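Novice: Taken in sequence, the protein lines are chains A and B.
Following the working numbering, the numbering of the first sequence begins with 1 at its first residue and continues without gaps.
Following the working numbering, the numbering of the second sequence begins with 1001 at its first residue and continues without gaps.
Keep in mind that the hints were calculated from the coordinates and are not lab data.
Keep in mind that the hints are not guaranteed to be accurate.
Said to hold, decoys possible - Derived DSS-like pairs: lysine-lysine, alpha-carbon spacing no greater than 27 angstroms straight-line:
hint, chain 1, residue 1, chain 2, residue 2
1, A, Lys248, B, Lys1042
2, A, Lys154, B, Lys1071
3, A, Lys279, B, Lys1071
4, A, Lys154, B, Lys1186
5, B, Lys1160, A, Lys260
6, B, Lys1186, A, Lys254
As the list claims (entries may be wrong) - One side of the interface only, derived from the structure: several residues of chain A facing chain B at Cβ under 10 angstroms:
hint, residue
7, Ile42
8, Gln46
9, Glu78
10, Asp110
11, Cys146
12, Gln191
13, Asn192
These numbers come from a predicted model, not from an experiment.
The C-beta atom is built at its ideal place from N, Cα and C for all residues, glycine as well.
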Amino acid sequence: MKGWEPSNVFSATLAFLVALLPCAAGAQASGSPIPHGSLELIAENQWISIGHPFYLGLHFQLERGWHIYWVNPGDSGEPPRVTWQLPPGLSPGMIEWPAPRRLGTSSIVDFGYEDAVTLIVPVHAQGSLAAQPLANLGAEIRVLVCREVCIPGKTQLSLSLPVKSRPPAPEMRTRELFAAARKDLPRAVPQNWEFSVDDAKDSFVLAANLGTQITQVIFFPLAEAQIDNSAPQTLQPLDSGFQLTLRKSDRLLKPVDRLKGVLVLSGNRAYLIDAPVSKRGAQKRGSIGGIQEIQSSKEGPQK
Amino acid sequence: MKRSTLYSMLVTVVICAAPLLVAAPKVGQAAPDFRATASNGKTFRLSDYRGKYIVLEWHNNGCPYVGKHYKSGNMQRLQKEWTGRNVVWFTIISSAPGKQGYVTASEENEYLAKMQAAPTAALLDPTGEIGHLYDAKTSPHMVVINPQAVVIYDGAIDDKPTTDLSDIAGATNYVNLALEQAMAGKQVETPATRPYGCSVKYSGSTH
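Let the sequences and hints guide you as you build the complete structure.
Specialist: So, in C-alpha cells, the structure goes:
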C-alpha cells in the first residue's frame, strides 16, 4: 500500500512527466535558442531539386507575451535580419512577410508577431547547382525580441539537405508550418477591386470599391513614418467597399506619391495594396485610381 | 438619403482605443516649453535657453539601443563636442516608476559619472509629461531646436537602426548633420526621420 501514498503518487507522476520531456524536446530538437523563444531553419521539401523553386522557412516560437517585428516595425523595434551562407548555385530571395498584428494600444504602436510565426524565403536553385549528397545551408539571424523590454539576439542556424535532379518531395514534418504561413501572406488584390487615396491635409483617406460592404479593416503601412501608427484608423463601411481615414505621421514632411501597405479584412484576409495618392478634389471620391499590383504572393505550395 | 450614407453615419468603427492625441511639434514649428527637475537637483526651463541650439535626447539605461551609443562612447562624444560648442544638451528620462530605465536622481548621477556622460543636465520626467509633449517614441529619440526655439530636427540619432556597436562607424549621424547645416546657415537636409530604439516606457505602456 505504501506505493500509493500521496507523495509517491506525486513522485510517480513526476517521473512519468520527466520521462515525457525528451519526447517533447525531440519535437523541436533543431530549434536554436533566441531570447524568450526558439528559432529553427526549416525546408519545405526533403531535398533541393535542381531547377525547381525551393522554400526555406525561419520558424520562430516565442514565449507568451513576447514578440518580434514585421518588415516595418512601427514606432519602435526592428525586423529580424538574415545573412545567408548558401552553397554556390543557390540564391536567396526576400523574406515573404505574413500580415502582422498591431502591438500596443497607447501612444506607441508597433507591428509584429506573437506566439509563433514562419517567415518564408524563396531560394532559387540555379542550373549550375550540382547534385550532391548533402549541401549545408546556413543563416545568421539577428532578432530583437520584446515584451515590455527588448532583448537583441543573434543565432547561427544550419540545415543540411541533399541536392538531386529528381522532382521535389514535400517534407511532411514542416508541411503544416508552410501551409499556415502561406495562409497569412498578403495576396494580390482581385482585378475588379479599385482603390484611391486622397491627400487630405492631416490624413490620407483610402477609398475602396470591392463590390461588397466591408466592416473590418486594418491598414499596415510598408513605409515608415508615413502614417501615425498609434492613431485610430477610422472606418466608414460603404455599400460597395469602405473608406478608411489614416492620420499622417507628424514626421511626414514631403508629399507621398503612393500609399503602399497591407490591408487586413475580416477573417484575416490580407492583401497587398499600392494605390496612387491624389490631392483632395483632384479626383472624384471613390473613382478609380486603379490598383497597382506590386507583387503577388505565392498561392499554395509549388507544384 | 442614400443607403451608403446612412450606413456611414450609423457605423463608424475604430480599431483601437483612442491614444493620447498629442499634437507633437512638427519640424518647423515652435518647440513647446517645459520645466523639469534635473538629477543634479536644479530646475531647468527650456525657454531660458532661447538664443542657443538645444538637443533633446530620450534616454533609458536598460535599452540595448541606448547601450549601443553609450558603451561605444558615441553619445558621450556627441555631448562633449556640442556642449563644447555652446549647444545645450538635455538627456531626458521619461520611464515611469517601476518601468525599465526609471532612475532616482542619485542613480542617474551615478550613471552619468560612470559613463562619463556630459549632457548639460539629465532631466527626470517620470510622469512622461515632456515625453508626451514631444511625442517621444523611442530611446534614443533626438530633437534639435534652433536659437529661435523652432524644432529643426526630429527623429533617429543616425541611419543605422540596430543594436550593433559596429554600425556606429559607418552611420550618418542626423544630429550632427542638423546642427552643422543649421549653424552654417543652410537648410537641414534631413529634418525628420523615424526614431529608432526601444519604446519609451511611459506609465501604462505595455510593450
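Novice: Now tell me, hint by hint, if it's right for this structure.
Specialist: Taking the hints in turn, this is what the structure says about them:
Restraint check: the Cα-Cα separation between Lys248/A and Lys1042/B comes to about 38 angstroms, which exceeds 27 angstroms; the hinted pair is violated. For the hint pairing Lys154/A with Lys1071/B, the CA-to-CA distance comes to about 18 angstroms; that is within 27 angstroms, so the pair holds. Between the alpha carbons of Lys279/A and Lys1071/B the distance comes to roughly 47 angstroms, so the proposed pair goes past 27 angstroms and is violated. The hinted pair formed by Lys154/A and Lys1186/B fails the criterion: a straight-line CA distance of about 41 angstroms is larger than 27 angstroms.
As the CA atoms of Lys1160/B and Lys260/A are separated by approximately 23 angstroms, the hinted pair is consistent with the 27 angstroms bound. Straight-line distance between C-alpha atoms of Lys1186/B and Lys254/A comes to about 19 angstroms, which keeps the hinted pair within the 27 angstroms bound. Proximity of Ile42/A to chain B is violated relative to the hint, the smallest CB-CB distance being about 26 angstroms (cut-off 10 angstroms). About 36 angstroms separates the beta-carbon of Gln46/A from the nearest beta-carbon of chain B, more than 10 angstroms, and the hint is not met.
Contact between Glu78/A and chain B, as hinted, is supported at the beta carbon level, the nearest pair being about 5 angstroms apart and thus within 10 angstroms. Hint on Asp110/A holds. Least Cβ distance to chain B is approximately 7 angstroms, under the 10 angstroms limit. Hint on Cys146/A holds. Least Cβ distance to chain B is approximately 6 angstroms, under the 10 angstroms limit. Of the supplied interface hints, the one on Gln191/A is violated, with its beta-carbon coming no nearer than about 23 angstroms to a beta-carbon of chain B, more than 10 angstroms.
Proximity of Asn192/A to chain B is violated relative to the hint, the smallest CB-CB distance being about 18 angstroms (cut-off 10 angstroms).
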